[in-house]
Amino acid sequence: KQEVTQIPAALSVPEGENLVLNCSFTDSAIYNLQWFRQDPGKGLTSLLLIQSSQREQTSGRLNASLDKSSGRSTLYIAASQPGDSATYLCAVSPNSGYSTLTFGKGTMLLVSP
Amino acid sequence: DTEVTQTPKHLVMGMTNKKSLKCEQHMGHRAMYWYKQKAKKPPELMFVYSYEKLSINESVPSRFSPECPNSSLLNLHLHALQPEDSALYLCASSLSAFGDTQYFGPGTRLTVL
Numbered sequence: 001k002q003e004v005t006q007i008p009a010a011l012s013v014p015e016g017e018n019l020v021l022n023c024s025f026t027d028s029a030i031y032n033l034q035w036f037r038q039d040p041g042k043g044l045t046s047l048l049l050i051q052s053s054q055r056e057q058t059s060g061r062l063n064a065s066l067d068k069s070s071g072r073s074t075l076y077i078a079a080s081q082p083g084d085s086a087t088y089l090c091a092v093s094p095n096s097g098y099s100t101l102t103f104g105k106g107t108m109l110l111v112s113p
Numbered sequence: 001d002t003e004v005t006q007t008p009k010h011l012v013m014g015m016t017n018k019k020s021l022k023c024e025q026h027m028g029h030r031a032m033y034w035y036k037q038k039a040k041k042p043p044e045l046m047f048v049y050s051y052e053k054l055s056i057n058e059s060v061p062s063r064f065s066p067e068c069p070n071s072s073l074l075n076l077h078l079h080a081l082q083p084e085d086s087a088l089y090l091c092a093s094s095l096s097a098f099g100d101t102q103y104f105g106p107g108t109r110l111t112v113l
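Sequences listed follow chains A and B, in order.
Quick note on my numbering: the first sequence kicks off at 1 and runs consecutively.
Quick note on my numbering: the second sequence kicks off at 1 and runs consecutively.
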């Protein structure tokens, strides 16, 4: 059974810092990996999707990398801002069958002014 | 437009009530999903619909009854719920049920008294 772990569980940084969130998964037979953002009490916003054949994806200040063979992904946030404060979730979908996302428990990020 | 809408935003119901949650998307997506998220936990998949047919039921109790009347609409009918069913219920959709980005709605916050 796929298990997804995110480290750290919580992170507090001052504004302007660059930071890295980590995600690991136990079964490398994935189709893709998605990073989501969730604000308190709200739905999920898709940030980046990396196909299993890709190594990284970039969107603005966000860069996600994927090392499928080692079962790891990182989300790099450059020049963090208070508006980045949220919980960040990674999720993987299997490489066969339906896209049943398995989520990690998330990293709660607080960026202070 | 990558919007998934959900109504109502909040719902309080007694254990003997019958209520329904509604989810709508107009992106032409053919896969729709229901997730349940408890506080400080990741979302857990409940149901997957592909081309308006129920494809996955993750052993969800029968007091939750999904319905997909057409490709744009997904309902979740609730009956005889328990207080432990209180959670944020998230709907998502994707172009297909095989590896495409899932777009989430804002969720319905359900409280069962």
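Careful: at least some of the hints might be erroneous.
[Claimed, not checked] Only pairs whose alpha carbons sit at most 16 Å apart, straight line, appear in this in silico EDC-like list of lysine to aspartate or glutamate:
hint	chain 1	residue 1	chain 2	residue 2
1	B	Lys41	A	Asp84
2	B	Lys40	A	Asp39
3	B	Lys41	B	Glu84
4	B	Lys41	A	Glu3
5	B	Lys36	B	Glu3
Calculated directly from the structure, the hints in this document are not laboratory data.
Each hint tested on the structure:
no., hint, in the structure
1, Lys41(B) <-> Asp84(A), "violated (20 Å)"
2, Lys40(B) <-> Asp39(A), "holds (12 Å)"
3, Lys41(B) <-> Glu84(B), "holds (14 Å)"
4, Lys41(B) <-> Glu3(A), "holds (14 Å)"
5, Lys36(B) <-> Glu3(B), "violated (19 Å)"
In summary, the structure is inconsistent with hints 1, 5 from the numbered list given earlier, while agreeing with the others.
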